[in-house]
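> The chain contents come next:
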Amino acid sequence: MDSFAKAVVGLTASVLLLLLVALPLLYVDPPPPGFVESFVLTAVFGLAASLLSLVPGLAAAVAARRGGAWGALAQVLYIPAVVPPTSVGVLLLASFSLPRLFCGGGVEVLCASASFVSEHVINRPLGVLIAMAVMALPTSFSIFDGALREERAEAFFRALGFSGLRLLLLLLLSLRSATASALVFSWIRSFGELGVLLIFASYPVTASIYIYQAWLSYGVGPAVGASLAVIAAVAALAFVARRWLS
Amino acid sequence: MALLVENLVARRGSFVVRVDRLEVNSVVSVVGRNGSGKTTLLDAIAGVIKAEGRVAACGRDVSRLPPERRGLAYVQSVPVDPPTRVDRFLRMVARMHGTEAEVGEVVRRLGIEALLPRRGGLSTGQKQLVNLAAALLARPCAFLMDEPTSHLDWLNKKAFNDVVKALKMPVLYVTHDPFEAIYVADVICVMEGGRILRCVGGRREELEQVYRVAESFWSPLR
Numbered sequence: 001m002d003s004f005a006k007a008v009v010g011l012t013a014s015v016l017l018l019l020l021v022a023l024p025l026l027y028v029d030p031p032p033p034g035f036v037e038s039f040v041l042t043a044v045f046g047l048a049a050s051l052l053s054l055v056p057g058l059a060a061a062v063a064a065r066r067g068g069a070w071g072a073l074a075q076v077l078y079i080p081a082v083v084p085p086t087s088v089g090v091l092l093l094a095s096f097s098l099p100r101l102f103c104g105g106g107v108e109v110l111c112a113s114a115s116f117v118s119e120h121v122i123n124r125p126l127g128v129l130i131a132m133a134v135m136a137l138p139t140s141f142s143i144f145d146g147a148l149r150e151e152r153a154e155a156f157f158r159a160l161g162f163s164g165l166r167l168l169l170l171l172l173l174s175l176r177s178a179t180a181s182a183l184v185f186s187w188i189r190s191f192g193e194l195g196v197l198l199i200f201a202s203y204p205v206t207a208s209i210y211i212y213q214a215w216l217s218y219g220v221g222p223a224v225g226a227s228l229a230v231i232a233a234v235a236a237l238a239f240v241a242r243r244w245l246s
Numbered sequence: 247m248a249l250l251v252e253n254l255v256a257r258r259g260s261f262v263v264r265v266d267r268l269e270v271n272s273v274v275s276v277v278g279r280n281g282s283g284k285t286t287l288l289d290a291i292a293g294v295i296k297a298e299g300r301v302a303a304c305g306r307d308v309s310r311l312p313p314e315r316r317g318l319a320y321v322q323s324v325p326v327d328p329p330t331r332v333d334r335f336l337r338m339v340a341r342m343h344g345t346e347a348e349v350g351e352v353v354r355r356l357g358i359e360a361l362l363p364r365r366g367g368l369s370t371g372q373k374q375l376v377n378l379a380a381a382l383l384a385r386p387c388a389f390l391m392d393e394p395t396s397h398l399d400w401l402n403k404k405a406f407n408d409v410v411k412a413l414k415m416p417v418l419y420v421t422h423d424p425f426e427a428i429y430v431a432d433v434i435c436v437m438e439g440g441r442i443l444r445c446v447g448g449r450r451e452e453l454e455q456v457y458r459v460a461e462s463f464w465s466p467l468r
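Same order as they appear, the protein sequences are chains A and B. Here the first sequence stands for residues 1 to 246, numbered as in my numbering. Here the second sequence stands for residues 247 to 468, numbered as in my numbering.
Since the hints were derived computationally from the structure, they do not count as laboratory data.
Between beta-carbon pairs, the in silico distance windows are: (1) Lys296(B) - Tyr78(A): 19 to 27 Å; (2) Ala360(B) - Leu25(A): 52 to 60 Å; (3) Leu51(A) - Glu351(B): 33 to 41 Å; (4) Arg124(A) - Pro363(B): 44 to 52 Å; (5) Ala233(A) - Lys414(B): 56 to 64 Å; (6) Lys404(B) - Trp244(A): 33 to 41 Å.
A few chain A residues that don't get close to chain B, going by computed Cβ distances all over 12 Å: (7) Lys6; (8) Leu19; (9) Pro24; (10) Leu52; (11) Ala112; (12) Pro222; (13) Ile231; (14) Ala233; (15) Ala235.
Covered by chain B, per the in silico footprint, the following chain A stretches (three or more residues, Cβ under 8 Å): (16) 157-169; (17) 174-185.
Owing to the predicted nature of the structure, the values given are computational and were not obtained by experimental measurement. Positions of the beta carbon are idealized from the N, C-alpha and C atoms, including for glycine.
All chains should be built: construct the whole structure from the sequences, respecting the hints.
Written out as C-alpha cells, the structure reads:
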C-alpha cells in the first residue's frame, strides 16, 4: 500500500475511533438494566431474520442475473436499503393496521382477521422479525448478486438438471462464502436498525431501541455504555467475519 | 447428431450473435477474441439467455426448453465449488440421472478418487475436474465448455484437455487460445463480431490453418 493510501486510512480510522470510542468514553456510565436481554433478543431475532432473508435474497439475485421482467421485479428487494428506515417503518405500520379499512365497512370477517394479524404483529415479536427480515433482504440480495457475477454457478447447476428449490439450496451451499457473508452481515445489520423498529416494532426491546430509551430516560452516559458494548461485540464479529470470509 | 444449431440469433445488449449452422459431433472448438460472442453463443445454446433459431440435442429440438431439460452440460470458466462433499455431490447428480452405477467409473476415469471425501480446499484444477465428473454423470448429449482451462496452470490445463480428448464425446469448447484449440479439438471454428467465420477440421494441417486465420485478426494489435 502506498504512503498516501496509508495516510488516508490512518486519518479516517483515527477520526472514527476518536468520535465513536475515545471521546464517548469520557461520558461512559454503566448501562441501565435490561442490556443483556435486549442484546440476546436482537441476536436471536437478527439470526432468524437473516436466515429468512437468504433464500429470497438469493432468488432475487438469480432473477436479477437473468434479467427481463423478473430481474426488474427483483430490484424491489433493494427498496428497504434506499428509502429512509423510518419510511419503511411507517409503511409497515400502515400495512398491518388494516382493521381501520375493513371494520365498519360491513366486511366483519375481514375486520376480525385483520385485527388478529394487527394485534399479533405490531409491537410484537413477530413484528420485530418481519422488520428485521425486510431490512436484511437488501444485504442478502447484494451479496449474492456480487457472488453470482463472479461465479456462474446457476448456469452450471441448471445444466446438470437442477431447478426450483433444489437449485437454490445447491447455490446456497456452493456459494458458501457468500451465504456466510449474507448471514453474518444481515445479522450485524439487525443491531443497527432503529427507524423501522421504533415505529413498527418497538417491543420486545431490541438493542437499538434499548439504547434509544436509555438515552431518553437516563441521559448520554448510560446510553454510551450500552453503545460501546454493542460496538465492541459487533465490530469484533464483523472483523473476524471479514478475515474469515475474504 | 449430438448437437445441431441452426439459424441462431442471440442478443446481449446491442451485441448480436448469428450462427447459420453449427454441428457438434466431436470436440469442436470455437476460437475468438474477447468480445467476439463466444460466451453469448454458449449461453444461447445452453438456454441461459433467450435466442431465436433451433437448437437440437440428440436429435431432439430443445430450443424452447429451459437449461435443466436440454441435456447439455455447461462447464464454466470459473469452476463451481461442490455444494457438499465431492462424493455426496456426485452421487446426488448420479441419482438424478440414474447413473449411480457409473460414479466409480467416472471418478477413476478422471483420476479424482482422492478428492471424494473432501468438501473444501480444492484447487481450481481439482474443482474443474469435479465439475466435469458431475457433468459426465448427467449423461448429456453434448458438453458446452466456456474457457474451462482459463484459470488453470499449464500442467492442469494439459491434464484437463487430455481428459476432454479421451472422453470421446461431443464437446463445444470455447477458448481464446488457438494453440489450445489445435491441441484439444477435431474441428476449429473462428468467431469474430458475433459470427462464425470459418470452421476447419480433419487433418492437423487444416487445423493449423486456423492459427493463421486467428493471427490475421490479431496482427493489427501487434
